[in-house]
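Asks: Residue numbers (numbering that gives the first Met the number 0), protein chains in the order written: chain A, 0 to 356; chain B, 0 to 262; chain C, 0 to 335; chain D, 0 to 414.
In short, the hints are calculated from the structure, not lab data.
Honestly, I wouldn't trust all of these hints.
[Unchecked claim] Computed cross-link-like contacts, DSBU-like style, restricted to lysine-lysine with a CA-CA straight-line distance of at most 30 Å:
#, chain 1, residue 1, chain 2, residue 2
1, D, Lys160, C, Lys186
2, D, Lys112, D, Lys343
3, D, Lys192, D, Lys296
4, D, Lys384, D, Lys64
5, D, Lys160, C, Lys41
6, D, Lys381, D, Lys335
7, D, Lys160, D, Lys112
8, D, Lys296, C, Lys41
9, D, Lys112, C, Lys186
[Unchecked claim] Between beta-carbon pairs, the in silico distance windows are:
#, chain 1, residue 1, chain 2, residue 2, range
10, C, Leu116, A, Tyr167, 51 to 59 Å
11, A, Val147, C, Ala11, 17 to 25 Å
12, C, Leu14, B, Ile99, 57 to 65 Å
13, D, Pro374, C, Trp206, 52 to 60 Å
14, C, Arg123, B, Gly134, 43 to 51 Å
15, D, Lys399, A, Leu106, 42 to 50 Å
16, A, Gly94, C, His7, 48 to 56 Å
17, D, Ile371, C, Trp163, 24 to 32 Å
18, C, Trp206, B, Ala145, 57 to 65 Å
[Unchecked claim] Stretches of chain D that chain A covers, calculated by requiring three or more beta carbons in the stretch to come under 8 Å of a beta carbon on chain A:
#, stretch
19, 68-75
20, 216-224
Beta carbons are placed, not taken as given, at the ideal position from N, Cα and C, and that holds for glycine.
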Amino acid sequence: MDSRRLFSGSISFKDIHPAVLIAAVFLLAYPSFATDFFIFQIGAYSLILGTIALSLMMLAGYGGMVSLAQLTVAGFAAYLMAILGENSMDVMGLGWPWWLTVIVSVLGAALFSTFIGAVSVRTEGIYTIMITLAVAVAFFYFVRQNYVLFNGFTGFAGVEPPTLFGIYWRDPVPFYYLSLTVAIGFFAAVYYCAQSTYGLGLQAIRDNPRRMRALGFNVTLHRIVAYFFAGIIAGFGGVLLVWFNGRVSPGTVGVDVAIDILVIAVVGGMRHPIGPFLGAIAFVLLENFAIDLIDRERFNMVIGTAFLLVVLFSPDGLLGLWNRFRDRLRFRGNALLGDERVNKDGPASTGSLEKTE
Amino acid sequence: MPGTDALSRLQSTGQYALELEAVSRHFGALVALADVNMTVKAGERRAVLGSNGAGKTTLFNAITGDFPTTTGRVRLFGEDVTDLPSHERIRRGLRRTYQISLLFNGLTVLENTFLACRGVTRGRFSLRRPKRDDGSMELAQSLLEAVHLDDVKDKQVAELSYGQQRQLEIALALSGAPRLILFDEPAAGLSPTERTLLVEILQSLPSHIGYIIIEHDMDVALKVSQRVTMMHNGRIFKDGTPEEIENDGEVQELYLGHGGGHG
Amino acid sequence: MRNFVERHTFWAIVLLLVAVIFLWMIFAVWPDWLVDALGRKKTFVNTLLNGVTLGGLYFLVASGFTLIFGLMRNVNLAHGSMYLLGAYIGYEVADLTGNWFLGLAAAFISVAISGVLLQVLIFRRMANDDLRQTLVTIGISIIAADAMLAIWTGTTYQFSPPDWLFGAANLPIISVIKSSGAAVYIKYPVFRLVVLVIAVAVGISLWIFLNRTRIGMMIRAGVNDREMLAATGVNVQLVFVLVFAIGAGLAGFAGVIGGTALSVAPGEDIRYLLASLVVVIVGGLGSITGAAIGALIIGLAEQFGLAYFPTYGVVLTFLIMVVVLAVRPQGLMGGR
Amino acid sequence: MGKLKHLMAATLALSITVPAVSAADDIKMGALATLEGAFTVLGEDGMRGVKLALQEFDYMAGGKKIELITGSSDASPDSAVRAVRKLVEQDGVQLVIGPLSGSEGLAVKDYAKTQPNVTFLNGSSAAQDTTLRSPAENFFRFSTEGAQWMAGLGEYAYNEKGYRNVAVLAEDYSFPYTQVFGFLEPFCRLGGKSAIDSRFWVPIGNKDYSSVIAALPDDVDAIFVALGGADAVNFLTQYEQSGGDLPLIGGSITVDQSVLGSKGKARSFVVGTPSAGPVSDTWDDPRWKEFVAAYQKAFPDGFPSPSLFAHAYYINTKAALLALNEVNGDLSDGEKKFRAALSKLSFETPTGMVSVDERRNAVADIFLTEVIEGPDGNLLNKTIKVIPQVNQTLGVSYEKFLEYGQVGRENPSCS
């Protein structure tokens, strides 16, 4: 790997891999040839789930902290949107201007995430899963029982994005571009920051927290800060989610959905920020079209089996599968050319993450 | 030498890099460190010898704060750090290496070293990628040259040979501006050539950098140290110049007698 | 025990006082001011008993969970599925044979076997990768939940235990004295008392097994230091299989007990998994004593919450968990 | 293979621009029910109701063939909206039957407002506000809702049973609120009492009722219980185990067949418990018997007798088919004619005449029942009385009914 690229801090145009260009063109042009349904419910929804799963990927892939509460954080932002902004339920709905509502909701979610982090990082590894799962369930129960603030079982409806610049942002095409902007923004941020000082530090802590202490890093603080950043990503995901659904209720933050987010991240792959989005696309396609292929009753069986197979046989998810496939192709090609330096020429600018352990 | 008169001097001067006062560490009923008193002057090079289980590594863990002490006080450069977490102690100029290499396998050699340099400076939470002319990055580059690892700096740690990993351990300990380094058996498992290299590196350290080295290899230990502390069963057993220790009858009997196999 | 009294004299006195007050509240006829403050005595005593017996049930489920974790550092998130599987299998066998005890035995054995299969086929292949093991168990629990829904549908099942286990008994505790002077005794379901007795019996058996048998001592040694266990020349894999069998079997066993005390329906798997999680987080992972204490606390909290402020009763248990985590991250009895 | 092709097509449909238009003039009908999650069994029975109605019409209405496309939710409103959006926007259905549960119904009604060219008919969801407050022009409910289901029960408890003071035990969400409201409103108007602090709201899915049972007051005449499914089974068993002896009054799904027929101990002590609802298993009316026979013939693997879910889906589907016949399958002009026909529709169902009011909510007969022990020892609901043509505002004007306020834990206050 070329270290100039790693540490230069700027990427020149010719460094961009053709696949990235193709993907970018496809994503931008997508609404021009897809139906509203595919733009909104497949496209935008995949991007939203991908964004929420990205926050988990960042914590788990870089920080080694598998949090099942990322959906809860997103749901918290979604609830704040309904509580501070407007809804149609005659409960709360303080009617703050939309921009203030968004800012406060995202920050609130980030603080909530930080709190979860503070509670769970004091213990390590497996504890994180258990504690975040318990937090997710506690939040679910709490919003279901609390009517004064969260309107209990019914939740909120009628939460809508503003009409801005003459555009109603919940129309499929504008909403798709909105989701795409948020998703690409965070994708790029996570991708870039993975090689920043903070990002390297986080990965180093994942590899060896004790050594990081011995280098002068405050490991606990570093981890909690990761929860803060993940909370911002998940918070934006939650804002988009509530605009997408137009509503939020305890069902939005249920345990099964929280586990879906984990499934998405794991199936997609946790070693590169593109993984969660791949996982989300696969999940959303399956969720929508499984009923045409198999009996819908057994949907969870399909999802569970896919998840189990990935965990058992391809720990790096779809991404790992693809890398392995590509390596094999390249190996064959190089073997024919007699080139031994198979692994030296890695893919474009993906940093050290894409290499296997 | 340790004792009440040492205590009276502790508060004042700050000429000591490290002062341990009645430090103990218990694991349940097991006493790993018992009432250890020790002082190391700034810039002093000290060897700690003792058989396996004598409490040497526990002593290091107590100094760095990897594990808390049961009783006693630890002072670094005149400051009481007993209640400080280990990263705070590191930021005061303390470094250490580990007996078993504890490196970041997912990162490259350069990234490892860069983090070590950045650990004691500002910008640990920076979200920018480090530039080539970043202070810590330049420091890391020169460090890698110093330990002869610059040709593998873009490799991942997992790909390095054992000897290279040990060298990297030392590079990490030398990064930043260390004032006192704890070396935990740096020569273990190295080839004779690599040992020579190690001794060279240690001897070429600037004089203001002191260190404590745990070493089984007597040759290495005596070559690179000015004073030697002998430990046995969690206690300090002897303390003196290399010559004194080498010629001490009790030491000969207790340590060299059956510990000689190491060297 | 004596150690505790010597080291924490103050807390020992407080605990003693609390115990005395509780005993008085249970056996005395309540004066009016107390009724005014807390409501009827019947409610209080029943809730207390319910909390203790529910704690017993939670202990049965959580002890297997904590045992498996303690030795293997494996968080078996399919533990709830094992509970539910045991309940269904136990129901089928009890229904077929007409013998509730056969159902209980079948549940223990069959789920123990499924646990062994899980250990041998999956966990052994990914030793030392606890995160991956955890993810695998999540996958298994998703599949298992759907498979059980397919087989046993969403219908609610209830066991028919022998008649002498069913119904209510008068406890020697006076609820109120009527104006006529006749004492009204508190009625309590027999089976719930049986649950408590079984939980105590299982707890004591586990304690004897772990402290008084050779293999139990090996397991305890393994909990503290796995390398040491290997160094003693014990067949570690065999010990792992045994512990997994016991832990899983206990989950299946608890399925029948819990299914009899309450009922069996889809969703119970997650419920008892969560209960186990909270119990062991509060009590401390890997500690049987911790599981007992945690189960008691959570059982009491849940029941008192339900009786005195039903709306947020469920949240209360999680609140306890967060408080314990904030003060003692390793749990009340956690050693690490 | 055909299915696989469909999926491939759908997956590749990243390149499809318009929803696949199917053969000429067929009418596409979407049906949405909970075919996954804990309510799968109920959703399947709802689908049986849809199919039963379609079979009755031989999948033809208004001279056109009806193509049925199913959608599935997991009972959460989010998933219901996603499934119905797929039906409408991807599969291009012209009318939708569904959903199953109350909060889904509210969500689908909101979605209906954004799709003015599609007509929505309820499945079995029974939340009051779906049609009472800010209804959607294109959402019809030919099945009745939770408060209507309680018609006559309050009067019966007060007048016939002589109860004056009741405690309430119900799950803590909107459907039981609606049922409690429907029961207490007439009961309290007659002079009955139910203090706020003797109403116990337990979380849905609660299994252990023993502490709640211990907290129930002694000095009431009866307990009104609005719990469903496993929750009801658990409560009844534990109530018996703890020696409870107060008479019970049941909500619509508290003593229905799913509870009385659950696997386990027969609960003889519930004999005599009155309840009310949209169906009655043992109604010996020929129309009902014919319906049950048709159901049993068509679905040998179904329930012994159609559930209220099958019944509600059946009625709504049948309404759609009858209206399609009326307009000869004309769905042009934003389905205006079709909707006008639906609004005017009044038809014979297995449970009597049904029509809709001006907010498109059903006016139908409600059954007052009481649990009896059947000849072979099993428990049945015997029909005591049929309350004819109950409307959503329970006999008072719309404006007056709105003054009662939204259903909730403390409505009516009843003191």
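Asks: Hint by hint, note whether the structure agrees.
Replies: Do the hints match the structure? See the list:
Using a Cα cut-off of 30 Å, the hinted pair D:Lys160 and C:Lys186 holds, with the two alpha carbons roughly 28 Å apart. Note on D:Lys112 and D:Lys343: the hinted pairing holds, with a Cα-Cα distance of about 21 Å set against a maximum of 30 Å. Simply put, D:Lys192 and D:Lys296 have alpha-carbon atoms about 47 Å apart, too far for the 30 Å limit, and the pair is violated. The hinted pair formed by D:Lys384 and D:Lys64 fails the criterion: a straight-line CA distance of about 40 Å is larger than 30 Å.
Between the alpha carbons of D:Lys160 and C:Lys41 the distance comes to roughly 28 Å, so the proposed pair stays at or under 30 Å and holds. The hinted pair formed by D:Lys381 and D:Lys335 fails the criterion: a straight-line CA distance of about 42 Å is larger than 30 Å. About 45 Å separates the Cα atoms of D:Lys160 and D:Lys112, which puts this hinted pair outside 30 Å; it is violated. About 52 Å separates the Cα atoms of D:Lys296 and C:Lys41, which puts this hinted pair outside 30 Å; it is violated.
Straight-line distance between C-alpha atoms of D:Lys112 and C:Lys186 comes to about 56 Å, which puts the hinted pair past the 30 Å bound. A hinted range of 51 to 59 Å holds for the C-beta pair C:Leu116 and A:Tyr167, which are about 56 Å apart. The given range of 17 to 25 Å is broken by A:Val147 and C:Ala11, whose C-beta atoms sit roughly 42 Å from each other. At roughly 45 Å, the beta-carbon separation of C:Leu14 and B:Ile99 lies outside the given 57 to 65 Å, and the hint is violated.
The hinted window of 52 to 60 Å between D:Pro374 and C:Trp206 holds, with their beta carbons roughly 54 Å apart. The hint said 43 to 51 Å for the Cβ distance between C:Arg123 and B:Gly134, and at roughly 50 Å that hint holds. Look at D:Lys399 against A:Leu106: about 46 Å separates their beta carbons, and that is inside 42 to 50 Å. In this structure, A:Gly94 and C:His7 meet the distance hint of 48 to 56 Å, their C-beta atoms being roughly 54 Å apart.
In this structure, D:Ile371 and C:Trp163 meet the distance hint of 24 to 32 Å, their C-beta atoms being roughly 29 Å apart. Between C:Trp206 and B:Ala145 the beta carbon distance is about 59 Å. The supplied range of 57 to 65 Å therefore holds. With 6 residues having a beta carbon nearer than 8 Å to a beta carbon of chain A, the stretch 68-75 of chain D meets the requirement of three or more and the stated coverage holds. Beta-carbon proximity to chain A at under 8 Å applies to 0 residues in the stretch 216-224 of chain D; the threshold of 3 is not reached and the given coverage is violated.
In terms of the numbered hints stated before, the structure departs from hints 3, 4, 6, 7, 8, 9, 11, 12 and 20, listed from lowest to highest.
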